[in-house]
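Engineer: Construct the complete structure from the given sequences, taking the supplied hints into account.
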Amino acid sequence: MSAPETPSDVLREMTKALATQRLRIVDLTQTLSPRFPQIVLPPEFDQCAPFRMEEISHYDDRGPGWYWNNISFGEHTGTHFDAPIHWITGRDLPNNALDSLSAQTFVAPACVVDCSAEAKQDADFLLTADRLKLWEKEHGRIPAGSWLLMRTDWSKRTDPVAYQNFDATGQHSPGPDITAVEFLVHERQVIGFGSETIGTDAGQAANFRPPYPCHSIMHGNGRLGLQCLCNLDLLPPTGAIIVAAPLKILNGSGSPVRALAIVSS
Amino acid sequence: MTDTLKRPQKRNPVLPLRLPTLPPGARSRAAIQMSAAVAEGRFELQKCHDCGQLQYPPRDACTTCLSIKLEWTPVDGRGELISDTLLHHSNELYYRQRVPLRLGLVRLQENITVLAHLHGDCPQATAPVRVRAHLDKSGQAVLIALPATDTPNMADDRILREMTSDPKFRKVLVTDAKSATGQALCKALSDAGADMIWAGIAEPWKQTPGFDAITKLPNVTVVPLELTDNRSVQDLAASIGAKVDILINNAEFHRNTGIADRPGTETARAEMEINYLGLMRLAQSFGPAMRARAADGSVPSTAWVNILSIYALSSLPSQGTFAASKAAALSLSQTLRAEMRQAGIRVVNVFPGPIDDEWTQLVPPPKLAPAALAKAVVKALQDGVEDIYPGDIAQDLFNKWRQNAKALEREMWDQ
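Keeping their order, the protein sequence lines are chains W and B. Residue 1 is where the first sequence starts when you use the working numbering, and the numbers rise one by one after that. Residue 1 is where the second sequence starts when you use the working numbering, and the numbers rise one by one after that.
No lab work stands behind these hints, which were simulated from the structure alone. Built from N, CA and C at the ideal position, the CB exists for glycine as well. There may be inaccurate statements among the hints.
Stated by the list, open to error - Example chain B residues on the side facing chain W (calculated, C-beta under 7 Å, incomplete):
1. Trp205
2. Asp229
3. Asn230
4. Arg231
What the hints assert, rightly or not - Beyond 12 Å from chain B on every Cβ pair, some chain W residues (computed):
5. Arg12
6. Lys16
7. Leu18
8. Arg22
9. Thr29
10. Tyr59
11. Asp61
12. Gly63
13. Asn96
14. Ala103
15. Asp124
16. Arg131
17. Pro236
Structural biologist: Spelled out as structure tokens, the structure:
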């Protein structure tokens with residue numbers, strides 16, 4: 001097959017590939033439900049509202065022919081997208097909010113690093129720059145402009161208590177350490193970091209120096225976040241394209257997304 | 001001697017449900033005032049300001065001198081049963097379901113004769129008795145004569161149990177069992193002989209010290225309940241709604257802010273979501289089944305308790321948004337009471353002052369211990385009252401509010 005010569009040829013090829021399922025769509029999104037846990041901050045801070053749904057009518061006297069709901073949630077609920085403005089380090093960057101981010105950023109390739117074995121052993125497992133370099137030896141250099149998705153199989157913890165995994169010292173869930181974040185931001189120019197856990201940072205990241213390195217350094221450099229992803233085990237280490245378009249909220253800091261991956265069969 | 005109440009048998013599911021009926025509930029404006037006093041736990045009759053004659057039943061003018069200056073005055077209740085009878089027939093549906101009923105005339109020591117239900121342990125006339133005022137299923141004051149001294153198992157009397165909501169052998173839902181008050185309530189209800197305590201928990205990933213011990217009580221079952229989530233409330237009602245005899249709504253969100261000291265409305269919204277809308281969701285999901293079961297066999301559904309706050313009556317500006325949410329809940333609970341009354345279910349409102357928990361760390365004592373609150377709730381159910389003000393602060397503020405609500409508003413400014 002000759003290489004496509006014009007953009008329309010590319011799209012025609014893509015259409016055909018989707019129709020024949022040479023390209024498949026993998027849904028990376030958790031169902032937005034009142035049962036899905038939301039991030040917990042210490043109680044003296046104001047909290048992110050969980051997803052809630054109130055029925056407007058259900059083919060009844062409140063609306064005889066139609067069923068619909070009013071929904072409410074915080075910007076950082078369910079499978080969601082973080083914009084640079086979310087963190088104080090990213091507050092002065094240009095085009096840092098959901099309405100001003102370029103739509104081009106919502107479609108990007110992904111590198112998937114499988115840390116599921118380590119996370120199974122250690123809920124506080126930290127992904128390091130050295131671990132990323134080992135991954136590169138096997139799969140090649142992480143391309144600039146790609147997502148780095150950390151697969152931990154954390155999304156398979158369907159019990160919210162196990163998913164949150166709190167004890168008296170706080171939350172225990174895997175994430176990147178500062179070396180990994182610095183490496184990805186400054187040496188690989190990734191577009192952002194994605195995780196299966198409730199945040200892009202590890203559960204204990206409040207105690208890191210600096211605290212919350214993934215939020216602080218990623219957003220401070222205009223990079224993005226995706227969290228509460230699932231089905232990362234269905235993605236190849238390289239070659240998937242992520243489509244993750246947040247709601248276009250004026251000055252929005254984040255939004256639930258329907259995150260999709262396009263993968264070749 | 002009253003027979004000890006035995007653990008009731010399960011309802012025979014093929015027999016029709018006994019539907020709730022009410023004793024006659026119409027009262028004069030004067031008689032409603034007697035009911036209002038009873039609702040707050042006081043037995044009062046009118047006394048003539050001019051001639052001193054006690055009045056019964058309540059009326060607009062003195063039976064002796066026609067003066068209209070009648071003042072409500074506490075009555076001790078001691079007297080002599082001068083005649084008694086057994087009622088075998090009534091055209092009132094409520095009494096038809098409950099005859100035979102013992103009734104009697106009691107001469108109170110204040111020199112007035114009253115008509116009263118007779119406790120099963122009352123001897124035949126003539127005999128010394130103690131008359132108490134209780135709310136009946138209609139929510140109106142009626143009198144019941146008890147034997148002069150306590151007898152074993154007195155509280156298990158059939159008629160007395162119609163007028164009260166003793167947790168003994170009853171199934172109770174506590175809507176937030178993880179909090180300090182919730183843990184204390186579970187413990188107190190267990191001690192009071194509740195048959196089953198459903199311990200509602202929200203956000204199960206947050207662990208609370210002490211809660212493990214509560215879950216190990218033999219009659220406690222943990223159930224998920226998010227009052228902010230309509231679906232969660234409906235799911236629990238679908239599972240246990242047809243079995244709850246007493247619902248105790250102690251769930252609350254409590255922060256210490258006024259208007260000016262915290263920007264935005266998110267804290268206030270969170271308080272309203274649980275303290276006000278949470279009550280609304282519970283009422284819509286659990287109310288109908290409880291109303292339907294209000295005359296169900298030997299253990300009908302009987303009471304609904306709201307833990308409000310004394311600051312529902314008059315705002316504490318330093319906790320202004322919390323007080324506002326509790327005021328909203330108070331208003332809604334009055335609607336709930338009017339609706340539940342149609343089936344004879346008692347709505348009990350509890351108005352504590354500051355409770356000794358993590359959200360009142362900087363409030364100086366006296367603060368109400370969670371165990372004291374729980375004890376007061378159980379006692380309110382056993383006594384069959386509607387409104388209680390447990391603790392010194394609540395009593396003090398309630399009295400000031402009754403005397404001069406406007407002056408109290410000003411007193412609260414700097415507290």
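Engineer: With reference to the structure, classify each hint as holding or not holding.
Structural biologist: We went through each hint and held it up to the structure:
no. : hint   : result
1   : Trp205 : 4 Å, holds
2   : Asp229 : 4 Å, holds
3   : Asn230 : 6 Å, holds
4   : Arg231 : 6 Å, holds
5   : Arg12  : 45 Å, holds
6   : Lys16  : 43 Å, holds
7   : Leu18  : 36 Å, holds
8   : Arg22  : 40 Å, holds
9   : Thr29  : 20 Å, holds
10  : Tyr59  : 18 Å, holds
11  : Asp61  : 15 Å, holds
12  : Gly63  : 17 Å, holds
13  : Asn96  : 22 Å, holds
14  : Ala103 : 30 Å, holds
15  : Asp124 : 17 Å, holds
16  : Arg131 : 28 Å, holds
17  : Pro236 : 33 Å, holds
Checked against the numbered hints above, the structure violates none of them.
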